[in-house]
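Kindly produce the complete structure, drawing on both the sequences and the hints.
Sequences listed follow chains A, B and C, in order. Heads up: the first sequence begins at 1 in the UniProt record's numbering, then just goes up one per residue. Heads up: the second sequence begins at 1 in the UniProt record's numbering, then just goes up one per residue. Heads up: the third sequence begins at 1 in the UniProt record's numbering, then just goes up one per residue.
FYI, nobody ran anything at the bench for these hints, they're computed from the structure. These numbers were taken from a predicted model, which means no experiment stands behind them. Beta carbons: idealized from backbone N, C-alpha and C, even for Gly. There may be inaccurate statements among the hints.
Residues from chain A that face chain C, not an exhaustive set, calculated with beta carbons under 7 Å [to be verified]:
#1 Glu172
#2 Val187
#3 Val217
#4 Glu220
#5 Asp223
#6 Gly253
#7 Arg264
#8 Gln267
#9 Ala274
#10 Leu278
Residues of chain C clear of chain A, computed beta-carbon distances all greater than 12 Å [said to hold, decoys possible]:
#11 Lys36
#12 Pro46
#13 Gln131
#14 Glu246
#15 Ala300
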Amino acid sequence: MAAILEVRDLRVEFPTRRGTLTALDGVSFDIAPGEVLGVVGESGAGKSMTGAAIIGLLEPPGRIAGGEILLNGKRIDRLPYEQMRRIRGKEIGAIFQDPLTTLNPLYTVGRQLVETMQTHLPLSDRDARQRAIGWLEMVGIPAAAQRVDSYPHEFSGGMRQRVVIALALCAEPALIVADEPTTALDVSIQAQIIALLKRLAREKGTAMMLVTHDMGVIAETADRVAVMYAGRIAEIGPVRSVVKSPKHPYSVGLMSSIPPLDRRVAQLSGIEGAMPRLSAIPQGCAFNPRCPHVFARCRQDRPELIETGTTRAACWLYDPASEKRAPEAVQHG
Amino acid sequence: MAAGALGRVLDSDLFWSFRRSPVAVVSAVVALVCVLGAVLAPLLAPHNPFDLASLNLGDAFKPPAWTPEGDALYPLGTDDQGRDVLSAIMYGARISLLVGISSVVFSTVVGVGIGLLAGYVGGSLDSLLMRIADIQLTFPSILIALLVDGVVRAVLPREVHDQIALFVVIFAIGISAWPQFARTVRGSTLVERNKEYVLAARVIGISQGRIMLTHVLPNVVGPVLVIATLGLGGAILTEATLSFLGVGVPPTQPSLGTLIRIGNDFLFSGEWWITIFPGVALIAMVLSVNLLGDWLRDALNPRLR
Amino acid sequence: MAETPVLVAEDLAKSFDVSRPLLQRLLAGEGRRTLKAVDGVSFDIPKGTTLSLVGESGCGKSTVARLVVGLYRPTQGRVLFEGIELEKARANPETRRRMQMIFQDPYASLNPRWRVQEIVAEPIRAFGLAQGAAALRDRVGQLLTQVGLSPLDGEKFPHEFSGGQRQRISIARALSSNPDFLVCDEPTSALDVSVQAQILNLMKDLQARLGLTYLFISHNLAVVRQVSDRIGVMYLGRLVELAPAETLFTAPRHPYTRALMEAIPDLEMTGRQRIPVGGEVPSPINPPTGCPFHPRCPLADARCKAEMPKLLPPPGQPGTIAACHAVEEGRDPAPAPAGTDQRIGTTATAL
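Following this line, the structure appears as C-alpha cells:
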C-alpha cells in the first residue's frame, strides 16, 4: 500500500549567532494508512521537532533546510503558510500535549467542531452539529448532546484531550500527528485515551505519528517505532523488535533504563552521561561518547541506517565492513 | 577580572542583538552624545551661561552662526540676556538628566520595594498596596507631580523651598511613577516565590527578608531595567513639562523645559532659535532613550515582539 | 520497634481556601470554598527506611511532602520529627538542618542567578557548618564529587548543566547540611528515563552509605518499587492503602491500587489490554460522600456511598492496611498481583 506520509532526508536548521545548529539531520521514514509510527527519544532528541516540521509549525528561526515531506505523494514542505494552514485540519490533524493550546476558550466545543468540519467538508449546519455530537460520543464524552454546548474550561483534563482528539479527527484527515498526547494526563486516564486513539486510527485507516517519551505508550500503540537521538534516527523497525530486542546500543540502553515493575533490582541500569547539546554533537556517531561498544570508526564516520534483521540501526556494529566486532557483543538487559 | 567582564559583555546575546539593531546603535550614539554633552558641559560648553559677569546684553538675540547676522562665538545664537543657547542647552540637559535619572532611581527603589513586599508577603498587605497603586494609576503622573509640588510649596517657606526645589521635583516625579514598577515586580515575584528554589531556601530556614533580597530580587529585576529605561524618557519629559509650566526647577538652574518656556516668549517675534534648539535637544534625548528602551524590551523578551 | 521513628504523621489534614474574591463571591451569592488537599493521613517512617506515597495528580501527595518539612502548616493533626513536634523541631537549627528536601523540577529548583558553589554552600552557611572560605570550598567540592560532579563545576551557573546534572546539584545542596531525613518530591519525574536510573541509583547509594531516611513522592509505580520499603497509595487526599513494597505489588488490596496497576502500559508486549479505570478523579473541592473512590469502583455498594471506610488490615494480611469496605467484608476478589499471569516469570529480554 502506498504510504500516506513519506519523509525523505529531512534536515532542520536553526540559525543562531554562534553558527547554524542542525536540529534534524537525514531523517527518513514513512507511514502507511492505518499504521501508527511511534517516535521515541529523550528531550532534545528532535522527536517533537520532526512532528512540527511535518505540520509546518516549526518555531522560528527553525527552518527546513533539506529533504522533502510528501503527503499522499505531494510535496508539502515548501508550501506557503496559507496553503499549509488549509492542509492542517483537512489532511493533517494535530494533537498536542496540552489540550488548552488547541482549544479556543471563547467558543463552545460544538462550535469549534462544526467550524472545523464545515471548513473542510460540505456540510449543512444541522448535519455538522449532528456529526459534532457523533464525534463527541465516539471519543467517549458522556451526554454528548448536552456537552456539545459547553466551553473547554467546563471539561476536565482528560475530557478536554478527548475533545482535541475529536477536533483533530473530525475533518477525517489522512494523517494525525500526536505529540505527547497523554503526557499531561494521569495513568488511569492515559489508558483510556491511548485505546481510543488506536481504535480510531484503525477504523478510519488514518496514518498516525505518535511522538512520546513513554515507551509503555509506544509498546501498546505503535506498529513501528523510530528511536531518535541527537536529531537523527538511531533505529527504526517493528515495535516488537525494537522493544524486545533492540539493536542500536542507544535503544538497548534506553529500554534497559526503564525500571521494571515486576521486581526490585539492586542497581538500575542507565546510560552514563547525557545527550549532547545541538551545538556540541560529536564527530562520527553522535552516541559514541556514551556508547559501551564504541570503536575507532564510530569516532570518525557517521553511520547510516543499516539493516539488522528486523530493524534498521545507525550503528557501525552492524556494518559487515567494520573490522570484525561481533554484534553479539551488545548485551540486552 | 574587569577584562573578563568586558569580554563577557561583548560576547553576550544582548550585545549581539544590539549590534544587529541599527535603531539601537543610532539611539545609543545619540543618547551618549546627549549624556556626554550634559555631564561634561563645564568642560565642553563654549560659555558659562551662569556666569553673570560674562553676559553681555549687547550680544542678546544673536541668531545662529550660519545666518547672515550670526556670530561664530555663539553657534546656536543667544537669548534675550545674551546667553549662548548651545551652552544653555548643555547646562540645561544636565539638570534635565539629573532630575530624570534621580527620579527614576527613586521610583525604582520605591516601586521594586513595594512590589517585592506585596508579591512575596501577599494577603491583605498585597491587596492594600496594589489598591493604592491602582488609585494612583487613575491619575496622570503630571497631575500627581503638580499636586506634590503644590503641597510642598504651600507648606514650606519660600527660601527653604527654593533651596530644596530640585529634590522636590525629583520626589514629585519619582513618586508619580512607582506603581508601574511595583505592579511589574509584584507579578514576577508571585511567580518566583512559588518556584522550588525559594521553597528550598525556606526548608533550610533562611529568613523571609533574606530570601526576598537574595533569591527573589535578582530574578525579578530584568523587566525593571526595561521600565526604568522607558521611564527615564517619561521622567525627563515630565520635568520639562513642569518647568515649562513654571513649577519645576528654579529659574536659577534652568533645565531644558525652562529654556523652552523662556524661548517660547520670543517664538513669534522671530527669535525662533531660543526655543527650537532646546526643544530639539529634548526630543533627541527622550526619543533615543525610549528607542533604546524598546530595543531592550524586545531583546530581553523576544516573545513579546 | 523500640526506636522512635524519624518521622510520624498523625491524622494530618490540610485545607486550602479556594474561594473567589469577596466581591465576586457576593455577586454570585456563593460561600467560601475549601479544598481538602489532605485529609486524615497518618504514617510513620522508621530510621533508614523509605516510605513512598503514590497517586495521581491532585491526590495530595505533594501537599503531604510540604507539610512534613514545614512549608505548610497542617489544618489538623501533627507531624513529629524524632518524637518532637515539627514546629518546635524546626525552631532549632540543629534539628532543622537534619531535614532536607529534593524537588521535582531541576530547572526551577536552582536559583538561575547563583553559581553552583553558592547554591550548594547556602545550607552550610546558614547552619555555620564550615569555618572559613577554604573549608567551605572544600566541603562544596567534596559534595559535588559525592553526587558525581566535579568540584570545578562549582564555578558554573545552573543553565550550563543538563537536567540530570541539575538534579545532582539539588541533591548535593540537600546533603550539604548532613541531613538524616530527606523528602523527595517526584525527584525523577522531570528527567529522561536513561538519566532517571542514574539519579535513583545515586539516591539508593547515598541512603545505604549515609543511613538516610526518605519520604519519596512519585506517581510512577515502577520507580517506587525500586526505592521503597513501604508504599502508601493516596486518592483524593486520603491514604487508601499502606503496605510493604513487595506486598503491595504481589497482593494489592484496595480496588484503586489494583486499578492503578492495571493501567500501567505493558512493556512485555504480551498483548494484554490495559483495563482502564472508568471515569475521572472527582474534584477535591466537592468530594463524593462515603468512600472517595466509590463512583469509579467496581465493588461499590450502598455502604461505600454512605460511610467512609477506615484503614484496617485485610483478613490474613497483617502487614497491609487498606481503607475499603469490600476488603473488610471479604467481598473483593482474591488478592493476586495485577496482571500476574503474564508478568510473573517473564525473563524480560529488554528489561
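Hints versus structure:
no., hint, in the structure
1, Glu172, "violated (26 Å)"
2, Val187, "holds (5 Å)"
3, Val217, "holds (6 Å)"
4, Glu220, "holds (5 Å)"
5, Asp223, "violated (12 Å)"
6, Gly253, "holds (6 Å)"
7, Arg264, "holds (6 Å)"
8, Gln267, "holds (6 Å)"
9, Ala274, "holds (4 Å)"
10, Leu278, "violated (13 Å)"
11, Lys36, "holds (18 Å)"
12, Pro46, "holds (18 Å)"
13, Gln131, "holds (36 Å)"
14, Glu246, "violated (7 Å)"
15, Ala300, "holds (16 Å)"
Hint violations for this structure: numbers 1, 5, 10, 14, all remaining hints satisfied.
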